[in-house]
Amino acid sequence: MNVYALMFYATAVLITAATVLAITRRQAVHSVLFLVISFFGSAMLFYLLGSPFLAALQVIIYAGAIMVLFLFVVMMLKADHEVENKFPQRFWVPGLLVGFLFFAAICVAVFSDPSSPVPLNLTTVTPKEFGRFVFEQYWLSVEIVSLLLLLGLLAAIHLGKERGRGEGGQE
Amino acid sequence: MIVPYGHVLALAGIIFCLGLVCVVARRNLIMVLIGVEIMLNGAAIAFMGSGLLWQRLEGQAFVLFILGIAATEVSVGLALVLHAYRRSGSVDPDTYNVLKG
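If you're matching them up, the sequences are chains A and B in order.
For reference, each letter of the first sequence is one residue, going 1 to 171 in the numbering used here.
For reference, each letter of the second sequence is one residue, going 1 to 101 in the numbering used here.
You may find that some hints are simply not true.
[Said to hold, decoys possible] SDA-like, lysine to any residue: derived pairs with alpha carbons at most 25 Å apart:
id: 1; chain 1: A; residue 1: K128; chain 2: B; residue 2: A70
id: 2; chain 1: A; residue 1: K128; chain 2: A; residue 2: L147
id: 3; chain 1: A; residue 1: K78; chain 2: A; residue 2: G160
id: 4; chain 1: A; residue 1: K128; chain 2: B; residue 2: S50
id: 5; chain 1: A; residue 1: K128; chain 2: A; residue 2: W139
id: 6; chain 1: A; residue 1: K161; chain 2: B; residue 2: F62
id: 7; chain 1: A; residue 1: K128; chain 2: A; residue 2: L149
id: 8; chain 1: A; residue 1: K78; chain 2: B; residue 2: F62
id: 9; chain 1: A; residue 1: K78; chain 2: A; residue 2: T24
id: 10; chain 1: A; residue 1: K78; chain 2: A; residue 2: W139
id: 11; chain 1: A; residue 1: K78; chain 2: B; residue 2: T95
id: 12; chain 1: A; residue 1: K128; chain 2: A; residue 2: F40
id: 13; chain 1: A; residue 1: K161; chain 2: B; residue 2: V24
id: 14; chain 1: A; residue 1: K128; chain 2: A; residue 2: A65
id: 15; chain 1: A; residue 1: K78; chain 2: B; residue 2: Y96
id: 16; chain 1: A; residue 1: K78; chain 2: B; residue 2: V32
id: 17; chain 1: A; residue 1: K128; chain 2: B; residue 2: I66
id: 18; chain 1: A; residue 1: K128; chain 2: A; residue 2: A55
id: 19; chain 1: A; residue 1: K78; chain 2: A; residue 2: V36
id: 20; chain 1: A; residue 1: K128; chain 2: B; residue 2: H83
id: 21; chain 1: A; residue 1: K78; chain 2: A; residue 2: A155
id: 22; chain 1: A; residue 1: K78; chain 2: B; residue 2: I66
id: 23; chain 1: A; residue 1: K161; chain 2: A; residue 2: A55
id: 24; chain 1: A; residue 1: K128; chain 2: A; residue 2: L57
id: 25; chain 1: A; residue 1: K128; chain 2: B; residue 2: I69
id: 26; chain 1: A; residue 1: K161; chain 2: B; residue 2: G89
id: 27; chain 1: A; residue 1: K78; chain 2: B; residue 2: V24
id: 28; chain 1: A; residue 1: K78; chain 2: B; residue 2: S50
id: 29; chain 1: A; residue 1: K78; chain 2: B; residue 2: N97
id: 30; chain 1: A; residue 1: K78; chain 2: B; residue 2: E58
id: 31; chain 1: A; residue 1: K161; chain 2: B; residue 2: A70
id: 32; chain 1: A; residue 1: K78; chain 2: A; residue 2: I37
id: 33; chain 1: A; residue 1: K78; chain 2: A; residue 2: Q27
id: 34; chain 1: A; residue 1: K78; chain 2: A; residue 2: F91
Just so you know, the hints here were simulated from the structure itself, not pulled from any lab data.
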C-alpha cells in the first residue's frame with residue numbers, strides 16, 4: 001500500500017464520517033456545515049483521481065455556492081426551532097432493511113465485476129486538455145446545460161417573487 | 001498505482017445510500033434536498049473512478065455536467081421550498097395536503 005492508497009482511504013473515511021454526521025443532525029445549519037467538510041473531502045478525492053480542475057470546481061460550486069445558498073435559505077426560513085416530526089417508528093425496520101438490501105446489491109454488483117480488482121493508474125488531466133475535450137466533443141451538452149441554468153434562474157426568480165410586498169427574487 | 005476500481009465504486013455506493021436514507025427518513029424539505037445533493041455527489045465519484053479506469057475523459061466531462069445540474073436543481077428546489085413555506089408556514093412535507101393553489 002503506497003501513499004496514494006493511504007490518502008484515498010483517509011479521504012474516504014473523512015467523506016463518509018462527515019456525510020453520516022450531516023444526515024443525522026437535528027439542526028439544518030449543522031448538517032450544512034458538515035456537508036461542506038464532506039464536499040471538501042470529495043474535492044481532495046477528485047484531485048487524487050487526476051483532475052485538479054474539477055477539484056477546484058467542486059470547492060467553488062458545491063462547497064462554496066450551493067452550500068451558501070442552503071445557509072441563506074435556512075436562515076430565511078426561521079424554522080430551526082420548529083420540532084421536526086420523527087420518522088414513524090413502524091417504518092424504521094422496513095426502511096433499514098430495504099436500504100441494507102440495496103447496499104448489498106450494490107456490493108455484489110461491484111465486487112463480482114471482472115474489472116473490480118483492476119488497480120487504477122495515476123494520470124493527471126490539465127484544465128487545457130479537459131477544456132479542449134469538452135468543447136470539441138460535447139459542445140452541444142455544454143449549451144444544453146447552460147440553457148438549463150438559465151431556466152433554473154428564471155424559475156427561481158419567478159417562484160421567489162413575494163406577491164404583495166414585491167421584494168424581488170431570492171437568487 | 002492507487003486503489004482497486006471496486007473500492008472507488010463501493011465508496012460511491014456508500015455515499016449514494018447515505019443520501020437515499022436522508023431523503024427517505026428526514027421530515028424536513030431542506031434535509032431532503034441535502035440528501036439529493038449527497039446522492040449526486042456519489043454519482044460524480046463513480047464517474048471519476050470509471051473515467052480513470054478506462055483512461056477516458058468522458059467521465060470527467062459528465063462530472064462537469066452533474067455539477068451544472070446540481071446547481072440548477074438546488075436553486076429551483078430551494079425556491080420551491082421557500083414558496084411552500086410562505087404558503088403553509090412549515091417545511092414538513094407531511095403538512096402539504098391541500099391541492100388548491
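Verification of the supplied hints:
1. For the proposed pair A:K128 and B:A70, the alpha carbon gap of about 24 Å is at most 25 Å, so the pair holds.
2. Proximity of A:K128 to A:L147 is assessed by CA-CA distance (about 24 Å); at most 25 Å being required, the pair is judged to hold.
3. Straight-line distance between C-alpha atoms of A:K78 and A:G160 comes to about 16 Å, which keeps the hinted pair within the 25 Å bound.
4. A distance of roughly 21 Å separates the Cα atoms of A:K128 and B:S50; the hinted pair therefore holds under the 25 Å criterion.
5. Taking the CA atoms of A:K128 and A:W139, the gap is about 15 Å. The hint holds against a cut of 25 Å.
6. About 33 Å separates the Cα atoms of A:K161 and B:F62, which puts this hinted pair outside 25 Å; it is violated.
7. The straight-line distance between the Cα atoms of A:K128 and A:L149 is roughly 24 Å, inside the 25 Å bound, and the hint therefore holds.
8. The hinted pair formed by A:K78 and B:F62 fails the criterion: a straight-line CA distance of about 36 Å is larger than 25 Å.
9. Distance hint between A:K78 and A:T24 is fulfilled; the C-alpha atoms sit about 20 Å from each other, no more than 25 Å.
10. At most 25 Å may separate the alpha-carbon atoms for a hinted pair to count; A:K78 and A:W139 exceed this at roughly 42 Å.
11. A distance of roughly 17 Å separates the Cα atoms of A:K78 and B:T95; the hinted pair therefore holds under the 25 Å criterion.
12. At roughly 23 Å between alpha-carbon atoms, A:K128 and A:F40 fall within 25 Å of each other, so this suggested pair holds.
13. Only pairs whose Cα atoms come within 25 Å are accepted, and A:K161 paired with B:V24 is rejected, the gap being roughly 29 Å.
14. Between A:K128 and A:A65 the alpha-carbon distance is near 24 Å, which keeps this suggested pair within the 25 Å criterion.
15. With a C-alpha separation of about 18 Å, the suggested pair A:K78 and B:Y96 falls inside the 25 Å cut-off, and the hint holds.
16. For the hint pairing A:K78 with B:V32, the CA-to-CA distance comes to about 17 Å; that is within 25 Å, so the pair holds.
17. Under the criterion of a C-alpha separation no larger than 25 Å, the hint pairing A:K128 with B:I66 is consistent with the structure, at around 20 Å.
18. Only pairs whose Cα atoms come within 25 Å are accepted, and A:K128 paired with A:A55 is accepted, the gap being roughly 15 Å.
19. Our distance criterion of 25 Å between C-alpha atoms is met by A:K78 and A:V36, whose separation comes to about 21 Å.
20. Proximity of A:K128 to B:H83 is assessed by CA-CA distance (about 42 Å); at most 25 Å being required, the pair is judged violated.
21. Of the supplied pair hints, the one linking A:K78 and A:A155 holds, its CA atoms being roughly 23 Å apart against a limit of 25 Å.
22. At roughly 30 Å between alpha-carbon atoms, A:K78 and B:I66 are farther apart than 25 Å, so this suggested pair is violated.
23. Taken as a hint, the A:K161 and A:A55 pair is broken in the structure, with Cα atoms around 34 Å apart against an allowance of 25 Å.
24. Distance hint between A:K128 and A:L57 is fulfilled; the C-alpha atoms sit about 14 Å from each other, no more than 25 Å.
25. Of the supplied pair hints, the one linking A:K128 and B:I69 holds, its CA atoms being roughly 23 Å apart against a limit of 25 Å.
26. A C-alpha spacing of about 16 Å is found between A:K161 and B:G89, which places the hinted pair at or below 25 Å, so the restraint holds.
27. Distance check on the hinted pair: A:K78 and B:V24 sit about 23 Å apart at the alpha-carbon level, within 25 Å; holds.
28. Of the supplied pair hints, the one linking A:K78 and B:S50 is violated, its CA atoms being roughly 42 Å apart against a limit of 25 Å.
29. In summary, the hint linking A:K78 to B:N97 is supported, as the alpha carbons are separated by about 22 Å, within the 25 Å threshold.
30. Among the hinted pairs, A:K78 with B:E58 is inconsistent with the structure: their alpha-carbon atoms are about 42 Å apart, more than 25 Å.
31. Between A:K161 and B:A70 the alpha-carbon distance is near 22 Å, which keeps this suggested pair within the 25 Å criterion.
32. Among the hinted pairs, A:K78 with A:I37 is consistent with the structure: their alpha-carbon atoms are about 24 Å apart, no more than 25 Å.
33. A C-alpha spacing of about 11 Å is found between A:K78 and A:Q27, which places the hinted pair at or below 25 Å, so the restraint holds.
34. A threshold of 25 Å between alpha carbons decides the hint, and for A:K78 with A:F91 the separation of about 29 Å lies outside it, so the pair is violated.
Hint check: violations occur at hints 6, 8, 10, 13, 20, 22, 23, 28, 30, 34; the rest are consistent with the structure.
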